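Engineer: Spelled out from the first residue to the last, the chains are:
Number of protein chains: 4
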Amino acid sequence: MSQTIQTAVVGVTGYAGAELARLLVRHPRLRAKVPVFAGRVEAVDQERGGIPLGEIHPELTDSHGTGSLRLQSFSWELIDDLDVDVLFMATPHEWSRQAVPEARKRGIRVIDLSGAWRLEQAEHRAVYKFDDEGSTAALEMQSEAVYGMPELHREEIREAGLVANPGCYATSVILALKPLLAAELIDTGHGIVCDSKSGVSGAGKAATAKTHFMHAANNLSAYGVFTHRHTGELLEQLGVASEDLTFTPHLLPIPRGILSTIYVRFHEAQSNASIEACYRRFYHESPMVRLFGSTLPEIQFSVRTCYSDIGFHLSNDGRRAVIVSCLDNLLKGAAGQAVQNLNVMQGWGEAEGLE
Amino acid sequence: MSQTIQTAVVGVTGYAGAELARLLVRHPRLRAKVPVFAGRVEAVDQERGGIPLGEIHPELTDSHGTGSLRLQSFSWELIDDLDVDVLFMATPHEWSRQAVPEARKRGIRVIDLSGAWRLEQAEHRAVYKFDDEGSTAALEMQSEAVYGMPELHREEIREAGLVANPGCYATSVILALKPLLAAELIDTGHGIVCDSKSGVSGAGKAATAKTHFMHAANNLSAYGVFTHRHTGELLEQLGVASEDLTFTPHLLPIPRGILSTIYVRFHEAQSNASIEACYRRFYHESPMVRLFGSTLPEIQFSVRTCYSDIGFHLSNDGRRAVIVSCLDNLLKGAAGQAVQNLNVMQGWGEAEGLE
Amino acid sequence: MSQTIQTAVVGVTGYAGAELARLLVRHPRLRAKVPVFAGRVEAVDQERGGIPLGEIHPELTDSHGTGSLRLQSFSWELIDDLDVDVLFMATPHEWSRQAVPEARKRGIRVIDLSGAWRLEQAEHRAVYKFDDEGSTAALEMQSEAVYGMPELHREEIREAGLVANPGCYATSVILALKPLLAAELIDTGHGIVCDSKSGVSGAGKAATAKTHFMHAANNLSAYGVFTHRHTGELLEQLGVASEDLTFTPHLLPIPRGILSTIYVRFHEAQSNASIEACYRRFYHESPMVRLFGSTLPEIQFSVRTCYSDIGFHLSNDGRRAVIVSCLDNLLKGAAGQAVQNLNVMQGWGEAEGLE
Amino acid sequence: MSQTIQTAVVGVTGYAGAELARLLVRHPRLRAKVPVFAGRVEAVDQERGGIPLGEIHPELTDSHGTGSLRLQSFSWELIDDLDVDVLFMATPHEWSRQAVPEARKRGIRVIDLSGAWRLEQAEHRAVYKFDDEGSTAALEMQSEAVYGMPELHREEIREAGLVANPGCYATSVILALKPLLAAELIDTGHGIVCDSKSGVSGAGKAATAKTHFMHAANNLSAYGVFTHRHTGELLEQLGVASEDLTFTPHLLPIPRGILSTIYVRFHEAQSNASIEACYRRFYHESPMVRLFGSTLPEIQFSVRTCYSDIGFHLSNDGRRAVIVSCLDNLLKGAAGQAVQNLNVMQGWGEAEGLE
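Top to bottom, those sequences are chains A, B, C and D.
Heads up, the first sequence is in my numbering, so the first residue is 1 and it goes up one at a time.
Heads up, the second sequence is in my numbering, so the first residue is 1 and it goes up one at a time.
Heads up, the third sequence is in my numbering, so the first residue is 1 and it goes up one at a time.
Heads up, the fourth sequence is in my numbering, so the first residue is 1 and it goes up one at a time.
No distinction is drawn between identical chains; accordingly, a pair holds when it is met within one copy or between any pair of copies.
Subject to a maximum C-alpha distance of 25 Å in a straight line, what follows is the list of computed DMTMM-like cross-link-like pairs (lysine to aspartate or glutamate): (1) Lys-105 <-> Glu-159; (2) Lys-129 <-> Asp-317; (3) Lys-129 <-> Glu-140; (4) Lys-33 <-> Glu-352; (5) Lys-33 <-> Asp-85; (6) Lys-33 <-> Glu-355; (7) Lys-178 <-> Glu-243; (8) Lys-178 <-> Asp-244; (9) Lys-105 <-> Glu-144; (10) Lys-129 <-> Glu-144; (11) Lys-105 <-> Asp-85; (12) Lys-105 <-> Asp-81; (13) Lys-178 <-> Glu-155.
Read the hints as simulated data drawn from the structure, not as lab findings.
Owing to the predicted nature of the structure, the values given are computational and were not obtained by experimental measurement.
With the hints as extra help, turn the sequences into a complete structure.
Structural biologist: Structure representation (structure tokens):
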């Protein structure tokens with residue numbers, strides 16, 4: 001059967017890469033072992049045939065079937081030898097800018113978890129300061145990329161050679177707003193506010209002053225106000241003007257999970273039923289979105305799941321809504337969505353291996 | 001000297017009452033011991049001359065000079081015997097509705113920490129469902145009450161017989177917005193969004209499903225959307241129409257602290273300098289407000305202090321601002337502000353005993 | 001095939017019962033839905049055909065296949081109608097004392113998660129103050145019970161009618177000590193110290209002063225010193241005299257997980273190799289024990305797994321050892337071990353449904 | 001009056017140094033400002049007359065009177081110019097080994113918070129691998145040092161030129177055991193177990209894999225088993241043989257606080273009264289020790305205080321005790337004890353500035 005494909009993951013030393021390895025080895029369609037690679041050659045001692053993954057992520061021992069995975073140094077020779085069909089890149093965006101074209105040349109389909117290929121507009125890409133920005137090769141590669149949110153781009157993902165897996169914050173905001181914007185219910189000129197809060201895993205595995213327990217615990221801080229990199233994704237995917245959307249991320253004193261509180265005003269008064277119907281219509285074929293109606297989701301409900309949870313409340317006059325959107329930043333916000341994209345690309349059930 | 005006054009606190013079993021006792025016994029102007037009372041007669045075993053406060057709040061042992069305080073059953077006879085000048089009430093609002101008029105009859109000045117007397121408009125009071133709502137006596141008492149935020153009502157507080165100490169969320173939002181609204185910089189018609197997050201002590205000392213460690217830890221949840229009781233305070237003190245302000249509180253997995261992220265749009269483009277000047281002008285005589293300018297305060301900075309911290313960022317075009325306002329919900333949000341009010345009422349330095 | 005058995009769970013409103021439901025619906029041998037029951041009749045509104053489990057445990061939505069489970073009122077009629085083969089009881093011990101004999105009369109095999117039937121000696125049972133203590137019926141039932149730790153009693157469990165699932169603390173201590181005691185390496189006369197620390201879920205779902213976030217967070221406290229109920233299990237299963245073992249539990253500010261630090265002295269000097277060999281010999285057929293050797297396990301490694309992790313360090317002279325034993329109190333310490341017992345009783349792979 | 005002395009602190013960038021600055025500026029005997037220094041010259045940008053302390057420790061703003069402190073580069077010229085009487089060193093032990101002799105040459109009294117001068121026996125010092133170990137100068141300096149625990153060495157501290165401030169773990173264990181050992185109640189041959197748990201501030205301000213929020217939160221781990229540096233202090237100060245005391249530190253998922261659970265066996269049966277009397281006798285002139293009797297202290301009670309809290313439980317036969325000892329690792333475990341030593345050295349009230 002053509003179903004048995006060969007996947008591989010580059011960048012397994014980080015949190016998202018580790019979750020990806022965990023999901024892939026348990027995936028019912030991927031019976032073969034999943035080769036996993038460090039993002040940087042020098043990190044790996046090859047002598048033992050690769051470092052057992054459990055030495056880097058002690059929580060990924062045999063309990064998840066990941067006990068036998070061994071982290072290897074990345075090389076294109078190895079990728080060629082393995083005859084990889086789909087390559088996941090959980091690597092820094094600079095790395096992905098270089099490596100993705102290399103993979104595409106080899107005909108390998110890529111699901112890239114970095115911000116390297118998500119943005120269509122040069123103005124939004126500017127925050128990344130890519131070395132190759134504006135080069136013909138980069139622009140061509142960008143034009144091939146599909147924004148990897150199946151709920152919005154299922155058809156293009158099916159055929160895509162390069163899937164740019166969305167940012168975690170962006171996923172939580174876009175899924176909450178897109179149905180209402182698509183139905184033209186929101187008065188965007190009135191301004192949309194997206195107040196997002198994320199657990200510390202979103203800040204990455206590097207030990208910094210910000211991720212030190214003494215700073216993060218018992219604290220809350222806003223950051224990247226008016227400047228966060230995910231803003232471009234919001235504007236492009238939602239089709240909203242820059243001055244009409246304000247996005248503020250915050251660092252929560254918890255390991256994982258994102259809750260976005262989103263404020264909109266409607267052109268006309270809405271009812272709970274009309275808004276719920278709007279969401280249900282948009283997501284009736286989307287198994288990874290759970291609609292809570294006027295019950296509000298909490299961060300705990302989606303943590304360690306691959307779901308995105310959405311609920312809302314309306315003001316008495318039906319003119320304003322507060323929408324609450326929750327997900328696990330490492331799963332629906334990263335690795336879970338990447339596997340969901342794989343499922344779409346392969347024509348498998350969209351939720352396979354994600355429940 | 002007339003400076004030595006007699007104070008007493010009712011409702012010391014709760015968090016705010018305990019902080020109040022702690023602040024008062026260390027206050028340089030209050031050399032005498034501060035009598036402390038339970039809010040409910042039945043809670044107290046009188047046989048030992050009152051329960052040592054450390055048995056109810058183990059953290060309030062001798063380390064804070066509170067070691068010798070003993071919780072007594074409340075009675076007006078005792079209050080009369082003590083010749084109390086200023087009575088603090090850290091009691092449920094129903095209790096304050098009954099007890100405040102009683103105290104005022106005796107000529108005692110009252111600083112009430114509940115929501116009983118904060119709201120001028122019947123429509124806003126409706127959420128409290130007061131038994132005596134609309135009675136002549138209650139309306140008269142209400143008209144005597146001064147909203148106890150010295151930064152806004154210093155002069156009235158000086159002479160007040162009844163000070164209604166503000167809500168914790170309300171304090172964090174009002175202090176951030178009032179200077180900009182007073183200067184008529186904000187386009188209120190465009191909508192103001194107040195996204196507030198509070199530690200668990202704000203939910204009170206009662207053991208409930210919501211305050212259970214298993215629910216609160218590693219979680220974040222929004223609640224009281226469009227319906228929270230502090231909304232009326234915001235609207236009245238800020239003079240904004242109900243449809244122009246949206247306030248959403250959230251429960252943070254930390255013991256104490258509030259951070260409010262506030263979103264406004266200006267009539268005209270502003271600069272960092274113009275906004276900072278506006279704040280400095282408004283607060284130049286207010287020692288309990290710390291202005292951070294375009295550095296953003298974090299929740300940790302104000303926790304266990306009596307300060308309110310305010311910072312902001314402007315959008316590139318100067319038309320939008322994100323304001324971050326932090327305070328300790330039990331201090332500047334409750335007990336600290338109550339002592340600040342006492343200082344104003346007595347003509348003492350406003351920050352005495354608060355640093 | 002005789003493999004398809006009917007199970008049911010009573011007491012699903014608590015944490016252990018919920019985990020049990022989650023494990024059972026995913027168990028590869030139990031294709032049929034698992035009926036789940038409240039422990040107390042009055043808790044359930046039957047009108048909707050039972051309360052969706054997700055309303056009581058919001059984290060147990062469809063993500064775990066538990067979305068369709070509905071909590072029903074318990075009755076023996078229903079149990080009879082369902083033709084239950086194996087009944088799990090995650091109920092208070094008083095309830096289990098009454099209900100287990102009733103189930104056994106019906107020929108149903110029972111796995112009881114309470115402390116009702118774990119203790120052989122009346123002196124150890126005394127802490128529970130059972131109503132029927134000393135009655136002939138109770139003594140007979142007790143003599144039928146098998147202590148449900150497969151690593152120690154695999155053969156008896158296979159045939160057991162009543163399996164008394166061990167306490168969470170007891171599991172963490174017994175698994176760490178039994179191999180060394182069985183090999184007669186430990187000088188028990190010198191005293192064994194078991195210093196255990198547990199997450200808050202161990203204190204149960206009831207909202208109390210102890211489980212209030214404000215008390216549990218940022219704190220650590222010892223409790224039940226010399227009196228904790230699990231002490232009897234330790235003494236009976238380890239065959240150690242009461243004066244030779246001291247066990248102290250502590251409440252950790254985390255949701256789940258137990259770490260026990262255990263101190264022993266050996267008759268003769270040991271080496272890392274000799275101790276590791278002792279453990280490996282004892283557990284070579286036990287898939288749910290992971291041996292870490294002289295690397296020490298941390299609480300995070302076993303949380304959300306059904307494993308028990310054991311590591312140790314020796315003093316320079318090889319005469320003393322510090323053993324560190326970790327597990328998830330709700331899984332290997334409760335629900336996971338219960339399913340492991342089911343696997344043994346049915347002759348299935350011991351780790352089925354637990355990885 | 002000779003009371004006004006000049007102090008200075010080196011190493012204020014760390015947690016203990018910052019607490020020290022906070023305590024000293026509020027100390028009633030030290031009206032002059034306290035100069036504070038970085039431990040390493042290169043860390044400081046001198047152009048602004050030193051870095052405002054609040055930029056390094058944002059929690060140390062004006063709320064603590066520390067707002068005007070400015071971190072300066074350390075130099076002996078500055079120390080000479082300031083005419084420093086007592087120098088606090090909150091610096092790494094290597095630094096203290098070099099700098100303390102320099103200070104003593106100048107006739108400056110030193111309170112050193114590092115492990116540089118705490119240990120009398122070369123065998124215990126070996127873990128530090130001092131460069132100058134065994135040199136005559138170092139041995140002479142060591143012989144001058146007094147172990148800075150006023151409860152044990154009050155008289156020597158009074159006259160000391162060099163006070164070696166104890167380790168945080170060591171303080172919590174020694175204070176709990178010394179009275180019982182001095183009274184010869186404990187059967188040391190039976191073994192003493194000290195199971196200690198500390199908050200993350202004990203691991204220092206450096207951002208490492210161990211202090212990363214993702215590792216420390218929701219976790220507990222043992223470390224330094226049989227090898228922790230504080231073991232030597234325990235053995236020397238308690239006069240117990242190495243093979244009779246086992247000490248295991250653990251990393252708690254909280255910012256600050258230590259709880260030590262200590263297990264002893266008595267020569268003869270004891271009563272609650274006899275043990276309590278033993279402690280009261282030993283500590284009747286020690287204001288910084290709070291005796292809880294058979295109530296057990298919790299970590300929260302002493303956090304943010306300069307007290308050490310001690311409670312205990314006896315086994316039924318009175319032959320064994322479990323002692324629980326709590327303190328704040330940065331206060332009684334470091335900066336608070338340093339100020340207590342200053343008080344003793346100056347002949348001031350031992351608790352001045354510590355309540």
